[in-house]
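Sequence order for the protein chains is A, B, C and D. For the first sequence, our numbering gives the first residue as 77, with consecutive numbering after it. For the second sequence, our numbering gives the first residue as 77, with consecutive numbering after it. For the third sequence, our numbering gives the first residue as 77, with consecutive numbering after it. For the fourth sequence, our numbering gives the first residue as 77, with consecutive numbering after it.
Hints listed in this document are in silico derivations from the structure and should not be mistaken for laboratory results. Positions of the beta carbon are idealized from the N, C-alpha and C atoms, including for glycine. Possibly wrong hints are sitting among the right ones.
Using C-beta positions, here's what the derived DEER-type ranges look like [what the hints assert, rightly or not]:
#, chain 1, residue 1, chain 2, residue 2, range
1, D, Asp259, A, Asp115, 47 to 55 Å
2, B, Asp366, A, Lys205, 17 to 25 Å
3, C, Glu207, B, Gly206, 52 to 60 Å
4, C, Arg136, B, Thr383, 48 to 56 Å
5, A, Thr363, B, Glu198, 25 to 33 Å
6, A, Lys205, C, Pro359, 52 to 60 Å
Each chain is listed here by its residues.
Number of protein chains: 4
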Amino acid sequence: MEPSHDIAHLAHVEIYTDRYEESLDFFTRVYGLKLSAEDGQSAYLRAWDDYEFHSLKLTRHAHTGIGHVAYRAASPVALQRRVEAIKEAGYKVHGWIDGDLGHGRAFRFEDPFGHTFEIYYETVRYSPKGEDAPALKNTASAFSGAAPRRLDHLNLLASDVSEFRRFMETCLGSRVTEMIQLDNGRIGGCWFTVNNKTYDLACTEEHGGGNGRLHHVTYATDQREDILRAADIFLQNGVHIETGPHKHAIQGTFFLYVWEPAGNRVELANAGARLILAPDWEPIVWTEADRKKGQAWGLKTIETFHTHGTPPTAKEQ
Amino acid sequence: MEPSHDIAHLAHVEIYTDRYEESLDFFTRVYGLKLSAEDGQSAYLRAWDDYEFHSLKLTRHAHTGIGHVAYRAASPVALQRRVEAIKEAGYKVHGWIDGDLGHGRAFRFEDPFGHTFEIYYETVRYSPKGEDAPALKNTASAFSGAAPRRLDHLNLLASDVSEFRRFMETCLGSRVTEMIQLDNGRIGGCWFTVNNKTYDLACTEEHGGGNGRLHHVTYATDQREDILRAADIFLQNGVHIETGPHKHAIQGTFFLYVWEPAGNRVELANAGARLILAPDWEPIVWTEADRKKGQAWGLKTIETFHTHGTPPTAKEQ
Amino acid sequence: MEPSHDIAHLAHVEIYTDRYEESLDFFTRVYGLKLSAEDGQSAYLRAWDDYEFHSLKLTRHAHTGIGHVAYRAASPVALQRRVEAIKEAGYKVHGWIDGDLGHGRAFRFEDPFGHTFEIYYETVRYSPKGEDAPALKNTASAFSGAAPRRLDHLNLLASDVSEFRRFMETCLGSRVTEMIQLDNGRIGGCWFTVNNKTYDLACTEEHGGGNGRLHHVTYATDQREDILRAADIFLQNGVHIETGPHKHAIQGTFFLYVWEPAGNRVELANAGARLILAPDWEPIVWTEADRKKGQAWGLKTIETFHTHGTPPTAKEQ
Amino acid sequence: MEPSHDIAHLAHVEIYTDRYEESLDFFTRVYGLKLSAEDGQSAYLRAWDDYEFHSLKLTRHAHTGIGHVAYRAASPVALQRRVEAIKEAGYKVHGWIDGDLGHGRAFRFEDPFGHTFEIYYETVRYSPKGEDAPALKNTASAFSGAAPRRLDHLNLLASDVSEFRRFMETCLGSRVTEMIQLDNGRIGGCWFTVNNKTYDLACTEEHGGGNGRLHHVTYATDQREDILRAADIFLQNGVHIETGPHKHAIQGTFFLYVWEPAGNRVELANAGARLILAPDWEPIVWTEADRKKGQAWGLKTIETFHTHGTPPTAKEQ
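Just chain A, with the same shape it has in the complex:
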């Protein structure tokens, strides 16, 4: 089956925070995103080369975690095709919303694990003005020297990754590029893409008894050196560095994970020149024996990486 191409790309993620001011300070001053707008409830953020109005919506909330995940469709017709497919599939549907500061009407639906998704086509392109106008007209706004160039991917927790995979293939036409096959037969983790990126969404098994939880959100950097420099910036600013910089065995991504002040995990990542260009790419399957070797250069995965999600569950606290 050919990939559907109906969905163009991951567009934005809404993150909840119960320490809004500190989270906003982190994302703008330390992590390096730019503020497009702010209303009483949310901040609309983007990396310097994200072409849309926002790729991260940071929202005041009673707890941390994820508000919703948004993908942009390839065309109005493609959007309509997806909406039909989702309705037929029997997943929980929230229906159409009018839109947001950064896009037009969007269709909302839910995976079986409590995460809300939306798809839309009409978007608001970010229009840089004054000092934010880029020196080169093929970039979205002024180069800031900060690490993140564009939104890259997110990782969601689900108690049944196989079930989540069905959801992604059915609703978004996603392809699986890599996966973890546990000895017990279950899928421990699964990496998806709707385009040539190696992945735009990953799902790993929920071990904390939670529902609808977030594992992390990631922005891409141009170079690995940007991540090494960011590590020193995080260190200087007292940010909790959870693990990295190191290289994942799965997907080969160079990574660095930190916790923003409210506790949501955020990553900086660099995939080098790696893309999935083969139209008939077969998912790479990693076994438990493979995983025991640790990350690519031998780093053992830190315990909290398996247990910490947001919002935290009773188990974690």
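Please build the complex by placing chains B, C and D on the supplied structure of chain A, with the hints as guidance.
Relative to chain A, chains B, C and D alone:
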């Protein structure tokens, strides 16, 4: 109009050389490609993470230049759709060939400027064995430490870039991502893609009176540092460095151009995290006034970059 | 003869500007230095890992150029030894000054080409406080993410480089590490060091008819990538990039030259792991034939690099 | 007290191996050193920019560990001064040896923990010929693209680091740049330098009950990226990566530790632009509380790093 997605990606390029042994030594020992096979006439080469049998075919010939350009289709059905479209368009058709060491039957046709193209679906995946087996199962072969990770793009010369653009849109369903608009109304250069890469083929105006000429072929590196290191390797090996390392204004690519021993121009390039994800991307248009500013950091484009193509014409010699 | 070791290192440079506010904005906001103090006349600046109070003194003046060059002695005794040697040598002596915000009493003298030098031992170490306290106690202040880590070297113009060499060897006990030998027998340029750095001061031949002029001042970055990133920051901020990034043949330094708003040339440079460790290092001699090959990777040296110094002379204007 | 400057720099280290062929293959083909000469017993190796004949002597032996450590004196007079100082200090003296392939007569002595040192002045500069002649005359031999540029430092184990410090200050005139002060009052580790390098020899407390043991030997790379690339080369060649790449809190060095086939620990390291230029540098003192924070970016030090030395002791096996 939605992108067609019938063509998956640029697959390989055939380069002619009249100094075969020296060219092969350059591509394997200095530039860092791997040899998949060699018959009396040609060497089949690939970068360490190219998944197909070859991405560069180096062929003994009376002169330098380009043999053919190959794209891989997304599926057998997509291949058939493209073949129909090409036939209907009235471009010169060579018809089906049986295939080559690296792929099955391919359909050959020609642009109005003498470059031969082929499209195919059935491929031969490279099967690494022994010492060439990769340590990580999601890479195509053993990491060699060399700069090139995968084939990136090529640049062809044409006396009428607008006409070439029509050819690319019609035959391959390519999108234009950036272009140069000359003051005289002509298109001076045009950058095309069939997927999320920022470009996989560029066409610039032929000023040497030639036909079917090559400007350059390029491999992608994981990091800009790989290119700086390669510059020292080229220097040490007496390779002619034409220009760079520097950053293009157009496409923002970090680049380095050298001439292999027979005179064909080859490039190493790094695009960082830049991708074309917007389904409704509007081509970036550069004017002559823009071009006068030189490359991104002010480097003036070297004269030979405008005049040297392969094979050389009487004008150049 | 053993190196004297009386002089420990290049300590600071005073730069004149006739556009003080713009120059200060450049050095702090764009180039990435930190402000230690400011009085009505001067700003005292340093890179994040300079241990002294200041390494650059930016002073309001009727024209651009250099105020003075300061070296720190290895001890009070070594300082005294140097003062005696300078007095005996017959160079023009200004005598002792009381000191400045960043150091105690200093002995001032002059080279035959109008540049003022000073040497001192008693210094004021920079004491980081509050947000400027470093996360790691072995660095001088908070890591800022900016390119310059510490002062590296400066380049002065002189009409007779051989004469200048005598001055440096006599007054500071400097060693010559590399030099340019012109076909006419003159020394075209000379690179000096008082320690294991490959050079801390260079002198090149004055071609503009000026006296006491500055060619450039340079800070060192940790990585070459810092310089590539800085190039984009300069581009974004409309700074005149004169030449680079590229690699010098002489000394092998990776470089980038820009002009600060008042016109003084400043550089960012990275020498990698290169040090002069051999106690009996013989100066590397470059001929005119060598120089014709351009910089390490073939870049032709830009014309202004030979003509522009500060203050500008009638010849340049 | 002023630094003595009698000793110019760390010159070479002799490593023992009981798997000579495999160790030699590792150091040349994987780690990236060059072979200057080989006799029946030893291989003489150097990095591409080491100016002396060898910086590593790899010797067949009944067990792993260290043969001797060599420093080059600043002059014949300085050598003589050091010899007198060593004799007076009462340390165990082996006396003069005739020299080796890479240097002239050397004076040998021993620290109280069984490590043999030698100092010499007369050296054999490496003379590159043919393909090993460098493209740039200011480098010692042809650039190979490999990670190590020059010998950087070594680390020795001693049961009493304070005693070892006295030895280094007395015999070599070394300065302490950083140290670990344990809660029990002992020095846990000490970093020494004889020049502007941040350290050329470190000593850490022996916990395995051994005598005269080696912790590791390190070569410097030009860039951090060289180390990331080397990690992939080690991975591909099945080399045991013990820990890293990461950044040390102490000295701020970017590091990667691997075990060569016989079990000796070797490191690649990059210090960026960091140098010790202050003549009155006060040692940075790290407490146990500091150490509990792990490495600079939070990595916990791996257990074997505290226990593994060569040759292994009964405790480790």
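Results for each hint:
1. D:Asp259 - A:Asp115: 47 to 55 Å: Check passed, 53 Å falls within 47 to 55 Å.
2. B:Asp366 - A:Lys205: 17 to 25 Å: The hint (17 to 25 Å, Cβ to Cβ) holds, given that B:Asp366 and A:Lys205 are roughly 20 Å apart.
3. C:Glu207 - B:Gly206: 52 to 60 Å: Since the Cβ atoms of C:Glu207 and B:Gly206 sit about 56 Å apart, the hinted range of 52 to 60 Å holds.
4. C:Arg136 - B:Thr383: 48 to 56 Å: holds, 50 Å
5. A:Thr363 - B:Glu198: 25 to 33 Å: holds, 30 Å
6. A:Lys205 - C:Pro359: 52 to 60 Å: For A:Lys205 and C:Pro359 the Cβ distance comes to about 54 Å; the hint holds.
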